[in-house]
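K.L.:
Residue numbers (the working numbering), protein chains in the order written: chain W, 1 to 371; chain V, 1 to 374; chain C, 1 to 291.
Be a bit skeptical, because a hint or two may be false.
[Stated by the list, open to error] Using C-beta positions, here's what the derived DEER-type ranges look like:
(1) V:GLU132 - W:VAL14: 18 to 24 Å
(2) C:ARG98 - V:ALA131: 38 to 44 Å
(3) W:SER338 - C:LYS95: 29 to 35 Å
(4) C:VAL197 - V:GLY331: 38 to 44 Å
(5) C:ARG98 - V:GLY331: 53 to 59 Å
(6) V:VAL100 - C:SER20: 28 to 34 Å
[What the hints assert, rightly or not] Here are the simulated lysine to aspartate or glutamate pairs, DMTMM-like style, with alpha carbons at most 20 Å apart:
(7) V:LYS166 - W:GLU166
(8) W:LYS336 - V:ASP323
(9) V:LYS208 - V:GLU231
(10) C:LYS205 - W:ASP94
(11) W:LYS184 - W:ASP172
(12) W:LYS336 - V:GLU6
(13) V:LYS74 - V:ASP64
(14) W:LYS334 - V:ASP174
(15) V:LYS359 - V:GLU231
(16) W:LYS184 - V:GLU297
(17) W:LYS182 - W:ASP94
(18) V:LYS74 - V:ASP152
(19) C:LYS193 - W:ASP94
(20) W:LYS60 - C:GLU181
(21) W:LYS176 - V:GLU231
(22) V:LYS24 - V:GLU170
(23) W:LYS334 - V:ASP271
(24) W:LYS336 - V:GLU170
(25) V:LYS246 - V:ASP341
(26) V:LYS342 - V:ASP271
(27) W:LYS182 - W:GLU125
(28) W:LYS334 - V:ASP323
(29) V:LYS208 - V:GLU6
(30) W:LYS176 - V:ASP164
(31) V:LYS67 - V:GLU2
(32) V:LYS63 - V:ASP150
(33) W:LYS118 - W:ASP143
(34) V:LYS284 - W:ASP340
(35) C:LYS193 - W:GLU79
(36) V:LYS284 - W:GLU339
It is worth saying that the hints were derived from the structure and are not from the lab. Built from N, CA and C at the ideal position, the CB exists for glycine as well.
Here's the letter readout for the chains.
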Amino acid sequence: MAEIRLDNIAHSYVTKPKSAQDYALKPMQLTWQDGGAYALLGPSGCGKTTLLNIISGLIKPSQGRLLFNGLDLTEASPEHRNIAQVFQFPVIYDTMSVFDNLAFPLRNRGVKATEVRKRVEEVAELLELSKDLNLRARGLSADVKQKISLGRGLVRSDVAAILFDEPLTVIDPHLKWLLRSKLKQIHQQYKLTLIYVTHDQIEALTFADQVVVMFEGEVVQTGTPQELFETPAHTFVGYFIGSPGMNLLPCELHQDGLYLGGQELALADEVFEKLRRQVGGGGWLELGIRPEFLNYSPQPVMNALRAHTEHIEDLGNFKMLHCHLENKPNLRLKVKVSEDRPANLGAAWLSFPKSWTKFYLDKQRIALEGL
Amino acid sequence: MEFVLEEIGKSLAHEVHLYPLTLKLGSGLHVLLGPTLAGKTSLMRIMAGLDKPSSGRITLDAKDLSKVRVQDRKVAFVYQQFINYPSLNVFENIASPLRVEGRLKARELREKVEAAAEMMQIQHLLKRMPAELSGGQQQRTAIARALVKDADLLLLDEPLVNLDYKLREELRSDMRDIFSHREAIVVYATTEPQEALMLGGTTTILDKGRLLQHGPTLEVYHQPSYQRVGEVFSDPPMNMLAAELKGGRFHLASGHDFMPSRTMTQLAEGDYTLGLRAHHVSLKPITGGVKLRARLELAEISGSQTFLHLHLDPNISLVAQLDGVHSYDFGQDLDIYLNPDKLFAFDQTSDQTSDQNSKLVASPAYRTHGLKEA
Amino acid sequence: MQQKPTNHKAWFLVLPVVISVAFSAIIPLMTVINYSVQDIFGPYQRVWVGNEWFQETLRDEELHGAFLRNLLFSFEVLLIEIPLGILIALALPAKGWRASLSLVLIALPLLIPWNVVGTIWQIFGRADIGLAGYVINKLGFAYNYTNKAFDAWMTVLIMDVWHWTPLVALLCYAGLRAIPEAYYQAARIDAAKPWAVFRYIQLPKLRGVLLIAILLRFMDSFMIYTEPFVVTGGGPGNTTTFLSIFLSKLAVGQFDLGPAAAFSLIYFLIIQVLCYIFYTVIQRIGQGDQP
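Extracted from the complex, chain W is given alone in its bound form (with noise of 0.2 Å):
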């Protein structure tokens, strides 16, 4: 068990990094707390293997320290930092059986033969390889052979943390739910800190209760499933969480109100006044919406923009409208509407719900709470 913290970490594969560009992983500071699970998500190339490797040891950060339970274990090599770690592609000794597989980081460690076979088939019943104990590994499918490279973590009682890199990507679609609620299971069961990377939003979701979402080197944000849903701290979170991702428009502020495409957006003067002081009297902003959240009315609506739609995706049990604002062509919305609610083509108006509208400068989020 432990409370793994990342203290200033940033990485560089260039020997002499120079500029911001050169590092794979910008400076950091997080902590993940004893039996949490964490999910790292973001598109190739955010980093997120490099942060997961520095975790397990496989690669020493450049700068930073990394530290278990508050001891500096930013020098020790993988064995010495009780981790256990499930890949992208099962990784299992070929010419073993499952229960020799399963016992091989036991017997490494110089585990009595006595309890070396309580662990196993204690963690061969909860990962349901009892029956499979005798079969050689080579022969197994995919979804058997990650549950032997997450038993491998399982059996060691010195285990703290469980680091998987994107370990369903070779298992098949209707096993992997199967799997997901396996690796719930023995969350609740073990307590065990596991810290999940992937691109797949749908694995990290449903997986994690604190989502770390990364894009070009940097955590954009931190929260769980439903923060990141309804409350993107940076652009890319709403852009990169639900699909459809987040609505974003350039807004511009004035000394009288906030313009979206020359038509002002009613604000509660508190709100404004907010927005004002943050960027410092006026100027441009960055409006967003998801489309789940916009009010959509084929009528005339108080305090609502005017726009068009282009067109109705009737997606079964909602409607997909592509909107845009009334003679701004290439400012584009869309909007969520419920199967049984009227939709057509032509004029439209949207209204924007206080609580659901969001404001970005420089692509971060402007708090508007406490007010």
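Given the coordinates of chain W, work out where chains V and C should sit on it, guided by the hints.
P.N.:
Only chains V and C this time, still in chain W's reference frame:
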């Protein structure tokens, strides 16, 4: 243009890949929807002329195609894998079918290539080599090469399946815009119901080598002829509940009973399978909703939606789809509500010789809001 | 899965191959068979002898000796070259300029023509002027491959090891590089010792490559001719006379075309059978690899 498959079947070594099927396709977009191994690729290869059918006849505008060689047909094929010539740059990749024909002057060729590249939004990449492109850009190049040919028949076999979901999202809506405005007959195979709905046009449901249903996409979605169509054309698959209609009420195996909706009043007493899409299983009370208590096994979160995998005794599995992202601890018991107005009813006929079991006998009313459908 | 359209014109495309195979293999083979069942004195003087040449050859004690020598030689070659090749492959650097340089150095012996290899070693091992022979003698060992059977055998063996271990090493090197990094990472996390990494990861993953190496080295060493012919000429006595040398003595030296032809066919058959055995073994193990 009319492309007709008559009684087309395919067997190899006593293994049936396709049972004889008849299909008429006009200009426009057609989706082949089915799970893996449904026979989509087999059917597309036959359409392209790459494989010979074991039986049946293919005609294009009443002209028999069986004697026409693949090279002489105006067909383009886009595969799952991003197939490009690795030693040619994007421009040459797109131009390659035109160079083979060799009929165009250099200037015309350049114009056509540029037009196709622009449609796929890769005009700025024309000088790059395929290895320098992202997966999405590589597939855009492959599609542009198919577009440039002016083929009568354009076949796309799960072209987006190997892309990240964000890229898939972008490319999917581009595809619809491009293909819906072409003269050609476009056939698009996919396993994803969402993709079929986004593309529109017509949808053909294939399963285990059999054609189960063909029609305008939304009509197939709202009126699945068989239980299997309901399962294939829903993601997650349509929930199925065995029920007995007795004394004017439906009785579920879990012991619950409720009144049939208006569309089901004419049903005779007996056993039925009731289908309900995950979207219509709710955690909020609904008027007239059927209240059940179920144990949560897993909450899957897709980014915009939450799927609850639920279990009821005895041995009933249900999936509920909620809008937005919500966290639930699994293992807890939840009250769920089924919307009886959204139930489909299938009969329980079972004919071992075909998969056309469990016919639709009643379905909920639906509106398409006067949208024009192909 | 896919049915190809039938097209008889395709046969014309195969024709050049059929013709060249006929001239290079089938016709010579028929000629050999022809020789093996007749006693030929001149262009128009030939006597049908049936299987007499075969019987005579099979009874030949010298041939038995050569056959056993061949088996022993191939066995020793495999015993030395395979482990040595693996060791060299393991010791080679994985990447960078050092890797390229050592690969080139290792591959050098493979680029030298067979008879040149023989000539090099013939001179290298000479007790009077050869560097190796001279040094060994100076060290107090009376080494002379021209008149001592053991010395001749060892010279031919070491020469083969020098010539062909690089091939095994290169094959193993390629096999080792193909092992995904994740295996090594998993092994570190599982606290596996270097020996366990070799025993449970590297060796199992090298198996396919090793089977090919064993097959190639076995066949090649079983047919060895040029190098021992150049170095020892099969001597002293018959101590380094392998089957191929025996055959050439018979055919070219004594011009016994009948027995030589009969023996060629037997030799050919032996190699076919051994090839087949190796092939099935590899196939069977290959199938065991399927998930």
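K.L.:
If a hint holds in the structure, say so; if it doesn't, say that too.
P.N.:
Verification of the hints:
1. A beta carbon spacing of about 21 Å between GLU132 of chain V and VAL14 of chain W agrees with the range 18 to 24 Å that was offered as a hint.
2. In this structure the hint that ARG98 of chain C and ALA131 of chain V lie 38 to 44 Å apart at CB is violated, the actual value being about 27 Å.
3. At about 57 Å, the CB distance of SER338 of chain W to LYS95 of chain C disagrees with the hint of 29 to 35 Å.
4. Take VAL197 of chain C and GLY331 of chain V: their Cβ atoms lie about 41 Å apart, and the range 38 to 44 Å holds.
5. As the Cβ distance of ARG98 of chain C to GLY331 of chain V is approximately 57 Å, the hint placing it in 53 to 59 Å holds.
6. The beta-carbon spacing between VAL100 of chain V and SER20 of chain C, approximately 32 Å, falls within the hinted interval of 28 to 34 Å.
7. Using a Cα cut-off of 20 Å, the hinted pair LYS166 of chain V and GLU166 of chain W holds, with the two alpha carbons roughly 17 Å apart.
8. Between LYS336 of chain W and ASP323 of chain V the alpha-carbon distance is near 11 Å, which keeps this suggested pair within the 20 Å criterion.
9. Straight-line distance between C-alpha atoms of LYS208 of chain V and GLU231 of chain V comes to about 13 Å, which keeps the hinted pair within the 20 Å bound.
10. Taking the CA atoms of LYS205 of chain C and ASP94 of chain W, the gap is near 8 Å; set against the 20 Å cutoff, the hint holds.
11. A C-alpha spacing of about 19 Å is found between LYS184 of chain W and ASP172 of chain W, which places the hinted pair at or below 20 Å, so the restraint holds.
12. Between LYS336 of chain W and GLU6 of chain V the CA atoms are separated by roughly 41 Å; this puts the pair beyond 20 Å, and the hint is violated.
13. For the proposed pair LYS74 of chain V and ASP64 of chain V, the alpha carbon gap of about 14 Å is at most 20 Å, so the pair holds.
14. Restraint check for LYS334 of chain W and ASP174 of chain V: satisfied, since their Cα atoms lie roughly 15 Å apart, inside the 20 Å limit.
15. Proximity of LYS359 of chain V to GLU231 of chain V is assessed by CA-CA distance (about 13 Å); at most 20 Å being required, the pair is judged to hold.
16. Between the alpha carbons of LYS184 of chain W and GLU297 of chain V the distance comes to roughly 10 Å, so the proposed pair stays at or under 20 Å and holds.
17. With a C-alpha separation of about 24 Å, the suggested pair LYS182 of chain W and ASP94 of chain W falls outside the 20 Å cut-off, and the hint is violated.
18. Our distance criterion of 20 Å between C-alpha atoms is met by LYS74 of chain V and ASP152 of chain V, whose separation comes to about 5 Å.
19. The straight-line distance between the Cα atoms of LYS193 of chain C and ASP94 of chain W is roughly 17 Å, inside the 20 Å bound, and the hint therefore holds.
20. Between LYS60 of chain W and GLU181 of chain C the alpha-carbon distance is near 16 Å, which keeps this suggested pair within the 20 Å criterion.
21. This hinted pair checks out: LYS176 of chain W and GLU231 of chain V have alpha carbons roughly 18 Å apart, not beyond 20 Å.
22. Restraint check for LYS24 of chain V and GLU170 of chain V: not satisfied, since their Cα atoms lie roughly 30 Å apart, outside the 20 Å limit.
23. This hinted pair does not check out: LYS334 of chain W and ASP271 of chain V have alpha carbons roughly 43 Å apart, beyond 20 Å.
24. Only pairs whose Cα atoms come within 20 Å are accepted, and LYS336 of chain W paired with GLU170 of chain V is accepted, the gap being roughly 17 Å.
25. Using a Cα cut-off of 20 Å, the hinted pair LYS246 of chain V and ASP341 of chain V holds, with the two alpha carbons roughly 18 Å apart.
26. Between LYS342 of chain V and ASP271 of chain V, the direct Cα distance comes to roughly 18 Å. Compliance with the 20 Å bound is thereby established for this hinted pair.
27. For a cut-off of 20 Å, the pair hint linking LYS182 of chain W to GLU125 of chain W stands: about 12 Å separates their Cα positions.
28. The suggested pairing of LYS334 of chain W with ASP323 of chain V holds, with an alpha-carbon distance near 16 Å, which does not exceed 20 Å.
29. In summary, the hint linking LYS208 of chain V to GLU6 of chain V is supported, as the alpha carbons are separated by about 19 Å, within the 20 Å threshold.
30. Restraint check for LYS176 of chain W and ASP164 of chain V: satisfied, since their Cα atoms lie roughly 17 Å apart, inside the 20 Å limit.
31. The hinted pair formed by LYS67 of chain V and GLU2 of chain V meets the criterion: a straight-line CA distance of about 18 Å does not exceed 20 Å.
32. With a C-alpha separation of about 19 Å, the suggested pair LYS63 of chain V and ASP150 of chain V falls inside the 20 Å cut-off, and the hint holds.
33. At most 20 Å may separate the alpha-carbon atoms for a hinted pair to count; LYS118 of chain W and ASP143 of chain W exceed this at roughly 24 Å.
34. Distance restraint check for LYS284 of chain V and ASP340 of chain W: the Cα-Cα separation of roughly 17 Å lies within the 20 Å cut-off, and the hinted pair is therefore satisfied.
35. For the proposed pair LYS193 of chain C and GLU79 of chain W, the alpha carbon gap of about 11 Å is at most 20 Å, so the pair holds.
36. At roughly 17 Å between alpha-carbon atoms, LYS284 of chain V and GLU339 of chain W fall within 20 Å of each other, so this suggested pair holds.
Violated hints, in rising order: 2, 3, 12, 17, 22, 23, 33; the structure is consistent with all others.
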